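Whenever a hint applies, use it, and build me the whole structure from the sequences.
2 protein chains.
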Amino acid sequence: MAVGQTSFPDMPVIEGIRLGSAKAGIKKPDRRDLVVIEIAEGASVAGTFTRNAFCAAPVLVAREHLAEKTPRYMVINTGNANAGTGEQGLRDARACCMAIRELTGVPYDAVLPFSTGVIGEPLPVNSICFGLPDALANMGDDSVAWQQAAEGILTTDTRTKGAVATCEIGGQSVTLNGIAKGSGMIRPDMATMLAFVATDAAIERSLLESLLRESVARSFNCITVDSDTSTNDACMLIATRRGAAVAGDDEIAAFREALDKVLIDLAQQIIRDGEGATKFVTLEVSQASSRQEALDVAFTVAHSPLVKTALYASDANWGRILAAVGRARVEDFDVARVTIDLDDVRLVEQGGRAESYTEEAGSAIMAREDIVIRIALGRGESAATVWTSDLSHDYVTINADYRS
Amino acid sequence: MAVGQTSFPDMPVIEGIRLGSAKAGIKKPDRRDLVVIEIAEGASVAGTFTRNAFCAAPVLVAREHLAEKTPRYMVINTGNANAGTGEQGLRDARACCMAIRELTGVPYDAVLPFSTGVIGEPLPVNSICFGLPDALANMGDDSVAWQQAAEGILTTDTRTKGAVATCEIGGQSVTLNGIAKGSGMIRPDMATMLAFVATDAAIERSLLESLLRESVARSFNCITVDSDTSTNDACMLIATRRGAAVAGDDEIAAFREALDKVLIDLAQQIIRDGEGATKFVTLEVSQASSRQEALDVAFTVAHSPLVKTALYASDANWGRILAAVGRARVEDFDVARVTIDLDDVRLVEQGGRAESYTEEAGSAIMAREDIVIRIALGRGESAATVWTSDLSHDYVTINADYRS
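Chains as they are written, first to last, in numbering that gives the first Met the number 0: chain A, 0 to 403; chain B, 0 to 403.
Hint data in this document are derived by calculation from the structure and do not stem from the laboratory. No experiment lies behind these values; they were computed from the predicted model shown. Careful: at least some of the hints might be erroneous.
Note that identical chains are pooled: a pair holds if it fits in a single copy or bridges any two copies.
Here are the simulated EDC-like cross-link-like pairs (lysine to aspartate or glutamate), alpha carbons at most 20 Å apart as the crow flies [unchecked claim]: (1) Lys-26 <-> Asp-314; (2) Lys-260 <-> Asp-369; (3) Lys-26 <-> Glu-358; (4) Lys-26 <-> Asp-400; (5) Lys-22 <-> Glu-37; (6) Lys-27 <-> Asp-400.
Structure representation (structure tokens):
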């Protein structure tokens, strides 16, 4: 299931980026499961990675290579996460980089590996190596190449996810293209499952890194399907530097806005395609004494199985939202100052049900696919927005059957 | 659903305790939904209550009254939690205490009110007041009275929950009886949904309080069904002081052991009857650098929807356990030192799947109803044990339908 309609956008060419994909038979036959992204010389590349302590072998290798050289290739497989695979996993991730070196002549550590899929199975390196020549042979820079790449990184996703933005930098138009995957094990911490964003803007690496870090904090790090942070999260941002230079405050602000637009769009597409999702829920927490406090409250509500099942049932069971807010460990919490609204319907005020509330009004909102829950804490000026999905029978079915 | 077989134990008389119950029609007709516990003069009473900031009106009133007087009556209703009910809720909880005063002559603040059920509906005070004479008229101290009281506090529970222990204190036998309810919204924080334990031992109040606090930390605070801490949690311990005195170190140790036995038994019964539960899972975390660290890891695994759905599917998907351990925010975590065992089958060592592991061995354990997962962190000497259930279709069904 998935919430609402989306279509893959028409993606413009980003000069300096080409993408190729192949059906390598990694887990299933006749499935696009291998993607190669080629980055022309002279680019800047920034990345954020999972903070899960059991991070996957490709994450360890990608982080190491990114610290050493500016990447020229990214190689991404689905069907196998190469996580929980110990020393053998590291050898396998490096073997994929070596294979790219053999085929293209770039240094081995100018290749970043990424994997997604089942945890704990040995990576089928041979299948990947056999698939790579095909992926390199069909490299392209048009919208079809982007869409095939978006398809080649999916796991339990039911839709490809892409987003485009442009902004004016010193009179020149700059473009950002992004693709992502993710549907379950989604509670990104520093990045999401996998997202690849490219721009033709000319941005120095250190600036690119800080822009990515900030934008990820407002997008991928504000979504959750099931509270389970993946072992393989990675979000990469490539600036090919073929276009306008981003350096002054105004240019940075314009680029930041466009980057936020792409990352938030991709993050929301992941939630709309969350495992078993029937609802797309926006949690807006305001009047918090810090952004962290606002995030803590928002995630406590977003992770509550009772809130999520009530959302699935389209039941305006505001008592469960109130109970979740109350257990969020806010210090010296005066609940009499809290208000909770469902879109424009006031649910809770002064520690209990709002006088104006009617079940009819609440039920009318809950019947929608897109729902906004607003929680004002009455404690300060900070705010945060988190996006989540509901907990449905399909979530249980998908995850009770995933390996079989 | 519920895990394994249980039967309500034969409960001995605790001198100084009588229990009565009635069918007051609070939410459903012909359902035992009102319980009164009478405590003879001279008892000591200790209580622990939820730390949910939106705590229910009866919790606020009970805490207030307990600070003022030694209670003579507890009045408990199911079918309505009287939580999220603001000022009206406080007036309603006090009205129940006033009704007991009218009927028995004890001071109004010698009565403690407790409620459990749906959050946010006004308490039907009239139904409760009409039912109280009936409950007072059928007071008894035998096993039937205890079992009817255990029945009269249930909500979505499918079973009554009772536990008995005895211990020798200075050559005299001392008895503890306990009853509890709870099935969903179970992640107790300072106490569980509702538990009432009585003993004939003679124990001073301050000692009783510290014994209760410590034992709750090892029992009710170590269980979780769905991570949702209730607004109404309360655990009460009554010492009627008709029996042997508990004062010296040896007597305290003997009593502590018996109290642990009752509370852990009740806590485990709640998990076995967890909403939709098909598995009873024990998480033993050892070699942690602190007890809190061990608890953090255990609860992260216990709350993971992906681990819980794998348990439901009887799928030895150890990668999900590993991913949950890895996101538990343990500082400077060397995952190469972690081992994870499923009963006596080693799953994970040196950052990946154990060499000796076979799917057959893992699947054989996962097929059981009772499963032990052992996680050794390789960091220190501290340990913690947490009990939890799985996440099944029935959990979603129960909570998507609860209000209808």
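Hints versus structure:
1. Taking CA atoms no more than 20 Å apart as the test, Lys-26 paired with Asp-314 passes between copies only; the shortest distance there is 19 Å, against 40 Å inside one copy.
2. For the homomeric pair Lys-260 and Asp-369, the shortest alpha-carbon distance inside one copy (19 Å) is at most 20 Å, but the shortest distance between copies (48 Å) is not.
3. Taking the closest pair of Cα atoms, Lys-26 and Glu-358 come within 20 Å of each other only across two copies (18 Å); inside a single copy the shortest separation is 49 Å, beyond that limit.
4. Taking the shortest alpha-carbon separations for Lys-26 and Asp-400, only the intra-copy value of 16 Å comes in at or below 20 Å, while the best inter-copy value is 38 Å.
5. Taking identical chains as interchangeable, the C-alpha atoms of Lys-22 and Glu-37 lie at most 20 Å apart only when both belong to the same chain, with a minimum of 18 Å there against 73 Å between chains.
6. Within a single copy, Lys-27 and Asp-400 get their C-alpha atoms as close as 16 Å, which meets the 20 Å cut-off; across copies the closest is 38 Å, which misses it.
Checked against the numbered hints above, the structure violates none of them.
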